[in-house]
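Participant: The lines below spell out each chain.
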Amino acid sequence: MPANFRILSEKCDGCGACVPACPFFALEVVEGKAVLYESCLECGVCVPSCPTGAIWTAGGDSSAVAGASGGGGSKGRSIWVYVPGAALGAAAPAGAGAAAAALGSLGLARSVADEQGTRVTAVTAGDGADTAALFAAGADEVFVLEGEGAVPALLAAAVAQETPRAVIGVAAGEAREVVAGAAALAGAPLVAGADEVECFGERLAPKRPLYGGRFRAKVRAADGLIPFITLDRHVFRSVRTDPRRTGQVRHLAIRGTAGSQPLATAPAGAGTATAAPGGAEVRRRNVPLDAARIVLGGGAELGSAEAFALLYRLADRLSAVGGDVAVGATKEAVDAGWAPREALLDGTMVKTCPALYMAFGVDGSPAHNAAVALARVVVSVTAKADSQFCQVADFILPYAPGRVLERLLEITI
Amino acid sequence: MLNIAVCVKQVPDTEARLSVAADKTRIEEQGISFILNPYDEHAVEEAIRLKEKQGGTVTVFCLGPARAEEAIRTALAMGADKAVHLADAAFGGGDEGTAAAALEKAIAGKSFDLVLAGRLAIDDASGQVGARLAEKLGWPHVTAVTRLAVEGREAVANREIDGGSQVVAVTLPAVITAQRGLNQPRYPKIPDIMKARRKEVAKVTPADLGLSGGEVGGAGAKGKVAGLAPAPGRSAGKVIAGEPADAARKVVGLLRDEAKVI
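For the protein sequence lines, the chains are Z and C, in the order given.
Here the first sequence stands for residues -4 to 408, where the numbers follow our numbering.
Here the second sequence stands for residues 5 to 266, where the numbers follow our numbering.
Hint data in this document are derived by calculation from the structure and do not stem from the laboratory.
In this text, all values refer to a predicted model and were calculated from it rather than measured experimentally.
Ideal placement from N, C-alpha and C gives every residue a C-beta, glycine not left out.
Do not take every clue at face value.
[Said to hold, decoys possible] In silico lysine to any residue, SDA-like type, Cα no more than 25 Å apart, as pairs:
id	chain 1	residue 1	chain 2	residue 2
1	C	228	Z	25
2	C	57	C	152
3	C	264	Z	405
4	Z	28	C	199
5	C	199	C	35
6	Z	28	C	30
[What the hints assert, rightly or not] A short list of chain C residues far from chain Z (calculated; beta carbon distances all over 10 Å):
id	residue
7	7
8	34
9	61
10	155
11	206
12	207
13	212
14	261
From just these sequences and the hints, can you work out the full model?
Facilitator: Rendered as structure tokens:
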């Protein structure tokens, strides 16, 4: 039992207000009374949530206890952010989101570190990274991993050596592979694709989407383990940079530890992809749905392939003024053969995050809505008053979608 | 000759109406239908195409309850040769770490040249098992692959990265995870479905893999879903009235001048 907290059962009326307040899921109502479990970290967040004052604290003052819980032995341990050297190096693809996402993860780490009073360490391997950009985005120091073996093994060994408070990376590209591999070698839990990270004392409480974004889960790491977290690349993108910030670059020589088997036994390049001879070839493709700034969606109500094809004409027009435009389709439109399978808007298969999503004749299945849930502005054009999708749109045009499309093509945008 | 292992998972149908179960950590499984994870379909298809070209075997590995046999049979009907089903109840309730550990025990030392799997399973969309499995095996891995060529002991894969794609080469044995676009999975024909019913599906327990009860499933998990809730919805918006032509003009004005998105 936690030493400084107790439920006063004579005061508790079992209302359950404290249950969602606890970031560590240490409270539950059992047979009409709140029960406090072992996982209580005495952070004190639950105390003000209780309307009857039934949560007893030894200090009598929740804030004092909450402060005390932040002063554990790992005060000096920093928040690590793994940044692939290539993401910010000269070899980064022009205009690619990799740099924005990498810097976004540093921004999140910065705000966590500020709240917890600790440092941010950007960790990279190889010489590719632009360290000035790492400092500007919030790093206090940069570790460059050096040693024999693949990057995940180096990272896992470095984590064992330096025991950071948490290891963070972007849930995309190389960072996704490296962080997952390192977590496996470290025997640590990894919360993948988190879209929200809260701080409670020294603890980080990440939340992540499940089932194509239709549900959200809090994930709890087992006690005493360094949590690994990868961040949804669409969510943590903005970062306040300060070009005047600087810090120390430390070259961290990693020796093969007994605990990291693959370092000794695996062939070169084990655990991560090696570049093809002549360097990795990077090229841009047609705008994929998940990279577009504007997405146009079409559904069954358009009624014909010809009407659906108007979307491509509108996309051409908009791309002249609005940047990258992609055309997506509901399952019905794909099944009807109006659009290729790649265009399917299904949250379990693709996540879009456009500034603008315009839906034409879309009735809004849960899978479709999940695919466009991150759109900033949503327009729904449908003559069907009962369309589920109108519930989530910012602007609704209650007309036949084909007719509105024709009108839009007549206007100079 | 290529001996290929394909890891598959059974997941709720993408169109299923899902709700949170009473314990608030899982979705309610009653009354929903399950399918073979769509990304795993691409992995199965790629394995079969490689076998058809170069000869060899395709073995399906699946961790999941009894109901998951249906997904295994789908993969067998597509053309896989046999399957190993980690169906024991003790495997349940685990995390990505326990899943990868169990699959590693099942796959290691069986002279596989290649492990194929989906980029992620559409239910928890964590995308970790492939990478974790590779680390456990000590093999290289490439994730989210849209094109794969295997020649001799080398695989060349196109991997999707932010804003483009990258060509990477790895030495076999390796773990490759499939992204959409890798291929067009085939629909099994009736005779293939019939034939798949007679193919071998070995049921495996933790003890068969040399794992103790504490190393698998919920008992071995280092991360747990502690709470599950529906994602918050958006509120309903503004209806733009008038004739279609006026409404079209109005919405363009709003998007340009107020929302500033075009």
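Participant: Can you confirm whether the C-alpha distance between residue 228 of chain C and residue 25 of chain Z stays at or below 25 Å?
Facilitator: The hint holds at about 21 Å.
Participant: What's the verdict on residue 28 of chain Z and residue 199 of chain C, does the C-alpha distance respect the 25 Å limit or exceed it?
Facilitator: It is violated: about 57 Å lies between the C-alpha atoms, which goes past 25 Å.
Participant: Between the alpha carbons of residue 28 of chain Z and residue 30 of chain C, is the straight-line distance 25 Å or under?
Facilitator: The hint holds at about 24 Å.
Participant: Verify this label for me: residue 207 of chain C is non-interface relative to chain Z, using a Cβ-Cβ cutoff of 10 Å.
Facilitator: Given a closest Cβ separation of 26 Å, the condition holds.
Participant: Does the structure keep residue 264 of chain C and residue 405 of chain Z at a Cα separation of 25 Å or less?
Facilitator: Holds, at roughly 21 Å.
Participant: Far enough from chain Z: is every CB of that chain over 10 Å from the CB of residue 7 of chain C?
Facilitator: Residue 7 of chain C is indeed farther than 10 Å from all Cβ atoms of chain Z, at 18 Å.
Participant: Test the statement that residue 34 of chain C is away from the interface with chain Z: the closest C-beta pair must be farther apart than 10 Å.
Facilitator: The claim stands: residue 34 of chain C keeps its Cβ more than 10 Å from every Cβ of chain Z (closest is about 16 Å).
Participant: Mind verifying the non-interface call on residue 155 of chain C? Its CB should be farther than 10 Å from each CB in chain Z.
Facilitator: Holds, because the least Cβ-Cβ distance between residue 155 of chain C and chain Z comes to about 13 Å, which exceeds 10 Å.
Participant: Beyond 10 Å from every Cβ of chain Z: is that where the Cβ of residue 212 of chain C lies?
Facilitator: Holds, since 22 Å exceeds 10 Å.
Participant: A cut-off of 10 Å on Cβ-Cβ distance, and residue 206 of chain C was said to be off the interface with chain Z. Does that hold?
Facilitator: holds, 25 Å
Participant: Given the hint that residue 57 of chain C pairs with residue 152 of chain C, does the C-alpha gap stay at or below 25 Å?
Facilitator: The given pair, whose Cα atoms are some 13 Å apart, holds under the 25 Å limit.
Participant: Is the hinted pair residue 199 of chain C and residue 35 of chain C satisfied, with a Cα-Cα distance of at most 25 Å?
Facilitator: Distance of about 28 Å is beyond 25 Å: violated.
The structure shown violates the earlier hints numbered 4 and 5.
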